[in-house]
Amino acid sequence: MLFPPPQAGLAILELYHKVKRGVFQHGRFREVDIHNALENSKFLINEDEYYRLPQTKFHSIISDLQVYFLRFDSDDQCYTLKDYADSFCKHAEDTLLANFNPTKIEIICNDLRAKLELCAEEKEVSQWIDTFFYAFKPIMKSQVDRLERQIDQSVQDIRATTQLENTSLIEILVTIDEKLNTIRTQNVELRSAFREMKTINTLLEEKLHSVMDVAIANEIGEVRLFFPEIKYTLNLIDKRLDRIQPKLRQFFGTLNKPSFNVKVEKFLKFLLNGSTLRQNRYIELPAGVPLLRMRETIPNFTIFERKPELFPPAPKPRVPHLETPAEKQKAIARAKSHLDMYREVNLYIDRILQAATDAPVTFSPWFFEIVSSSDGGIEMAANVAYSLIRRTRQEETLRVEATKLQIFHPDYPNLSLWEMNISFQQ
Amino acid sequence: MGNEHKLSTVGPLAFLENPDAVELFAKIDYQLKDGFHFQDRGNQRPYFFFIEQNEQSLTAYYDKFFGVILSHGGEGMDRYYYLEFNGTDRGGIDGDHRCFMKAEYVIVGFLIYKIIYIDRYFDLNSIKKLQAIIKTDYEELTKDIYRLLAKLRKTNPTTFGGGKLDDVIEDALREFKKLGWVLIEEDFFDVMPSFQRMNKVYSDYINNVEQMIKDAI
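These protein sequences, in sequence, are chains A and B. Every position in the first sequence, counted from 1, becomes a number in our numbering once 1 is added. Every position in the second sequence, counted from 1, becomes a number in our numbering once 663 is added.
Some hints could be false.
Claimed, not checked - Below, computed lysine-lysine pairings styled on BS3-like, alpha-carbon distance capped at 30 angstroms: (1) 777(B) to 240(A); (2) 270(A) to 792(B); (3) 690(B) to 264(A); (4) 877(B) to 240(A); (5) 232(A) to 827(B); (6) 270(A) to 827(B); (7) 792(B) to 180(A); (8) 270(A) to 840(B).
Claimed, not checked - Pulled a few chain A residues facing chain B out of the computed Cβ check, cut under 10 angstroms: (9) 93; (10) 146; (11) 150; (12) 153; (13) 159; (14) 163; (15) 244; (16) 272; (17) 276; (18) 291; (19) 383; (20) 387.
Bear in mind the hints are in silico, worked out from the structure with no lab data behind them. Everything numeric in this text was worked out from a predicted model, so none of it was measured. Every residue gets a Cβ at the ideal spot worked out from N, C-alpha and C, and that includes glycine.
Turn these sequences into a full structure, and let the hints steer you where they fit.
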């Protein structure tokens with residue numbers, strides 16, 4: 002209800018203008034005037050013409066409008082615009098017709114700064130934000146928006162000239178170029194009018210340090226964002242102009258030779274039509290049109306350097322290995338004990354397998370026997386277990402199965418093993 | 664004649680005396696040889712001004728030692744400098760060291776030229792938008808665009824074909840960026856004055872296009 006549908010909105014705007022121009026006495030109008038306004042606005046929004054006035058449809062529109070926009074006096078059977086309708090239309094009008102007024106911005110900014118300087122307490126700053134800053138924000142924004150809208154319009158105007166072929170084209174484009182120039186100047190003026198905001202920003206930053214109230218601090222934070230926001234938009238406007246204008250001017254260059262662009266288009270069509278695809282990969286341009294020679298492939302600079310780590314590091318001092326008879330004996334003894342152990346391991350394995358030929362055996366009794374024979378050391382017993390498992394690879398019929406049964410021995414409480422069943426497949 | 668007189672007074676190494684040469688010349692030199700075009704835009708400005716200030720000396724330098732011509736195009740704010748490799752077979756640069764722009768990029772280049780300068784999308788600055796325009800706005804060209812650029816036999820627009828087309832367009836823009844013809848930053852792109860070089864190189868063919876079409880039939 003706050004936002005009327007297009008037809009109703011346009012009708013309200015028309016009524017608002019008529020009221021302003023004094024068409025209606027005391028700003029009062031009758032239902033037939035609203036009907037006319039609705040009837041007029043339907044053409045603006047390209048609705049199909051209807052032959053009879055759709056009374057019921059209008060009735061429902063008017064009923065809806067009575068919530069915020071229209072006041073009905075049933076005694077006199079006349080209508081007036083409600084306050085909301087007034088401000089709604091005024092805002093729309095301001096936005097559409099916004100006059101460029103950097104001086105006004107400058108005055109407001111100066112005033113804002115002066116008022117802010119007078120604020121001693123945080124409450125006052127909060128009041129300043131609510132009363133003065135929020136009133137200023139839309140004014141500034143509408144000025145910036147206005148510039149942006151004008152650029153959009155210019156871009157549209159430029160595109161529209163593609164339909165024109167007569168001589169007025171140059172005049173139109175020159176006008177657009179001048180308009181873009183004006184926008185650029187206005188952007189500069191707006192920026193300088195807005196410069197006081199920088200001081201305001203610094204003032205607010207100083208005040209922020211002493212503000213204890215979180216809500217007020219947040220409010221200040223929000224205000225401080227406004228400055229970079231606007232600055233960003235102003236820069237964006239400059240950047241857009243920087244992009245559009247040079248191209249427009251380059252375009253003027255080609256206008257002097259009107260047939261050139263036509264030829265470029267023909268050439269492009271010729272390239273597209275006449276090029277062939279070789280081996281499904283390479284495009285060959287038609288009629289010997291050469292490829293653009295763009296550059297010499299520059300050999301990469303060969304970097305020849307001596308890397309510090311490339312050469313062998315300084316040699317480490319060598320520890321001379323002295324062979325003494327005692328050392329020699331020790332080494333031989335070590336090797337011998339290894340050999341002895343494996344001989345013994347094999348003996349055990351043979352015994353186990355011998356036992357397993359007749360009937361399956363379990364491994365744990367053997368294991369603890371070996372442990373006991375090596376005075377509690379498990380090296381030999383573990384080696385027997387590994388060798389036994391390894392033996393299954395050589396003997397196809399040998400089966401060694403590990404179970405989940407954990408076996409303990411009373412003599413070796415720290416030791417346990419998963420039981421293994423050893424058997425030969427028949 | 665006036666030029667010759669000036670050239671004779673400015674030696675091919677005079678630019679080395681310029682105090683900025685230490686900082687700028689190395690980059691200018693290998694960028695120029697890489698096919699880059701310098702213009703009065705953005706961060707190219709200092710390099711552009713160095714070339715502009717030392718134009719005579721640099722021209723003599725490239726002519727004398729490399730046999731290539733330091734050329735310029737564009738007027739006023741749109742002036743740009745580059746090394747002319749086309750049609751200059753003098754000098755010590757042998758065939759193995761030449762590099763040609765791919766044919767598909769030439770085609771994409773002219774498509775971009777048409778869109779921006781002929782159809783006047785002066786405000787176009789999104790790569791995605793450019794890709795969309797090429798795919799949808801030029802029905803009369805679509806078939807050949809798909810045939811040549813997407814390299815597809817069936818030329819009906821499809822998602823797959825569109826994807827291939829997008830890739831070629833983006834690759835072309837990247838190649839143009841290396842030449843200084845466009846600026847690219849993520850989806851943003853902007854055409855630089857030196858983009859007009861396309862027309863300059865092909866101007867003979869463009870002006871003669873009617874005859875070429877007749878000959879082709």
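Here's how the hints hold up against the structure:
1. 777(B) to 240(A): holds (23 angstroms)
2. 270(A) to 792(B): Holds: residue 270(A) and residue 792(B) sit about 22 angstroms apart, inside 30 angstroms.
3. 690(B) to 264(A): violated (37 angstroms)
4. 877(B) to 240(A): Outside the cut-off at roughly 45 angstroms; violated.
5. 232(A) to 827(B): violated (40 angstroms)
6. 270(A) to 827(B): Holds, at about 21 angstroms.
7. 792(B) to 180(A): Holds, at about 26 angstroms.
8. 270(A) to 840(B): holds (25 angstroms)
9. 93: For residue 93(A), the interface hint is violated, since the closest Cβ of chain B sits about 26 angstroms away, which is over 10 angstroms.
10. 146: violated (17 angstroms)
11. 150: Constraint on residue 150(A) not satisfied, violated at 14 angstroms.
12. 153: holds (9 angstroms)
13. 159: Where the cut-off is 10 angstroms and the nearest Cβ of chain B is about 5 angstroms from residue 159(A), the hint holds.
14. 163: Holds. Min distance 6 angstroms.
15. 244: holds (6 angstroms)
16. 272: holds (6 angstroms)
17. 276: holds (5 angstroms)
18. 291: holds (8 angstroms)
19. 383: violated (63 angstroms)
20. 387: violated (60 angstroms)
Checked against the numbered hints above, the structure breaks hints 3, 4, 5, 9, 10, 11, 19, 20 and satisfies the rest.
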